[in-house]
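Trainee: Each chain, written out:
There are 2 protein chains.
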Amino acid sequence: MGTSISFGKFFLPGPTEVDPAVLRAMDRAVIGHRTSDLSSLLAEIDPMLRRIFRTERPVYVSSSSATGFMEAGVRNGVRRRALALVNGAFSERFRDLVTACGREVEVYDVEWGGAHDPEEVERRLRVGGFDSVTVVHSETSSGVLNPLRQIADAVRSAEHRVGEEILLLVDGVTSVGGGLVESGEWALDWILTGSQKALALPPGLAFGSASPRMLARAETLPGRGQYFDLLEFDRYWKKHQTPNTPAVHLLFALKTQMERIEAEGIEARAARHQAMARRCWSWVESTGAAHGLSLFAPEGARSLTVTAISLPTDLRGTEITAKLKRRGYTIGSGYGKLRDQTIRIGHMGDHTMEGLNQLLTELEEVLGE
Amino acid sequence: MGTSISFGKFFLPGPTEVDPAVLRAMDRAVIGHRTSDLSSLLAEIDPMLRRIFRTERPVYVSSSSATGFMEAGVRNGVRRRALALVNGAFSERFRDLVTACGREVEVYDVEWGGAHDPEEVERRLRVGGFDSVTVVHSETSSGVLNPLRQIADAVRSAEHRVGEEILLLVDGVTSVGGGLVESGEWALDWILTGSQKALALPPGLAFGSASPRMLARAETLPGRGQYFDLLEFDRYWKKHQTPNTPAVHLLFALKTQMERIEAEGIEARAARHQAMARRCWSWVESTGAAHGLSLFAPEGARSLTVTAISLPTDLRGTEITAKLKRRGYTIGSGYGKLRDQTIRIGHMGDHTMEGLNQLLTELEEVLGE
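Protein chains in written order, with my numbering: chain A, 40 to 408; chain B, 40 to 408.
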């Protein structure tokens, strides 16, 4: 069955297309999760995951979607009150999780399509009373990339001023494994992603890395539960195990894909993502513009993995996606309230410039119909 | 690759062996989780899951291990204080989850190998102050089956006496899909299982069904979070969706396995499990006894899916499992503190009487070495 699966026409901004070799890796007998075989597998994966997260810290593997590890960020990292940076659907989810876990939240709201201003982040934090910040690096709903490094600097600076620890909790769902996210250098306190985005794995796994002070705070927070308790993850990580029964077949797929990513090289992978993003933007600004299309995110704040494209009022996003579908191509319609006024292309994971060019050619034909 | 995977020699008490046809079902291109294709798949699965849970209530599908849905039981079902019935490693975990989620717990402790006495359950509850009970139906660590129906009756009776609502939260991990668990008739408030036990699926999914009063209580409990919020599961279940990105490939496997289970029939499946259990017990009491083996669980309280076998002092469990391994067979060593004094056979899922007999023949030879 695997050999008949094609590749190169599925450009959703997640789940992304999975290479047939990675799918085939799952067609394997189950193994016990407390065996040396599984520990060996996790031990092999570990340094590769850390290279992707660009950190010396452990990267934990959760059998859940990324939202589970978003919740882990809140349960282990927010003591009483967080500043939530909101500029799209997923940063709204992060905000909602803070209150869903019984904490207080203040929102620094930016309209969909905009990025957050690091200076404003610092200004708000300096008022005091915040112990954490939630932010989405690449907003999959709008194609906006937040200036994460500068936001991290702003948080450190505010922390220093108010003399209180403020943890930075980052949703890196469509950024980690696409662009280079310097989790270590930027000293992110919690950075998470899901398997089915830039890592081009089947959905069902989440990955996250915590700073030492994040773990220290977790120790002081009651009611963390068990499934998303980072101290449990850390304890088992030391044994190359997971706290609970993992989705073993997804780990088989993970190993195969990590090896493929290593073979390409992390920097080369990031360069490919950058090149695909630039190609997509320039296409929208030339060919697309001739049909009334424009980039939804402003220059300097565009995701390297997801491009949201604004449509003229006489074009409906769902019509375009349907027409492409009939040609065998899948892209995303707009997200939520942007459903009909935008379309979204996920140019990440294992997609190539050649594949992207073919998609754009098809899209041009659809626009000309 | 799939065609070369054999079946019939892997008797761990979980994960259980997965049929090659179910593994092959995962070798398929990913689909978006907000598509009509995925909703159709969940809609097809839904009545089959309810037949397995023997309830008219919805059965929710979680991309997590069963422990995640154990935690869901606590976060959505325990208001302030639970009575935890403990008689093994997994009921200890359920107990620990109550406190890990910031609730109080009182323990009704029975030694490993024993079952709980429904009358004692009622006696303890009548003192008052409990809003919930946690219980493990089939203790995978000891092979003990608790008298769930009678315990449910005892809880109802105590509830009636003290005039306070007491929810019954049940871990059905090695029972649902093996024996007949009458979730509806016994009015269980929360009953959960994992994919990799009697349902013989790859690990990574959990299933659970909640009573209306469980959902009503959840509404009154703050801090439920999002990933294990049963109200979210219920809201999305109505649309044949899941609240978060599911492990899509595990859902492909689920559909294939549900169809296989339907083809056999739920009652026939339960009868097969019962027959395998009886065969295993009688073997231990005859052939096994000649080598000093005995059943760890007492008569009338034996799991239909997992048999724990006590060894004479001159035999070590880990030696037996290693010898079987060299013959290509896998069974479980004892769990935790029973590691060397017991061995465990998982006779569940898709195993057959013929396969079990072959295993027992091998085991007899190993004992004679």
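Calculated from the structure, these hints are not laboratory results.
Do not rely on the hints blindly, as some may be mistaken.
Same chains, same label: a pair holds when it works inside one copy or across any pair of copies.
[What the hints assert, rightly or not] Under the rule of at most 30 angstroms between Cα atoms (straight-line distance), these lysine-lysine pairs were calculated in the DSS-like manner:
1) K294 to K277
2) K294 to K48
3) K278 to K362
4) K278 to K364
5) K376 to K294
6) K362 to K48
7) K48 to K376
Trainee: Taking the hints in turn, state whether each one holds.
Mentor: Hint check:
no. : hint         : in the structure
1   : K294 to K277 : within (19 angstroms within a copy, 36 angstroms between copies)
2   : K294 to K48  : both (24 angstroms within a copy, 25 angstroms between copies)
3   : K278 to K362 : between (51 angstroms within a copy, 25 angstroms between copies)
4   : K278 to K364 : between (46 angstroms within a copy, 23 angstroms between copies)
5   : K376 to K294 : neither (37 angstroms within a copy, 33 angstroms between copies)
6   : K362 to K48  : within (14 angstroms within a copy, 50 angstroms between copies)
7   : K48 to K376  : within (26 angstroms within a copy, 53 angstroms between copies)
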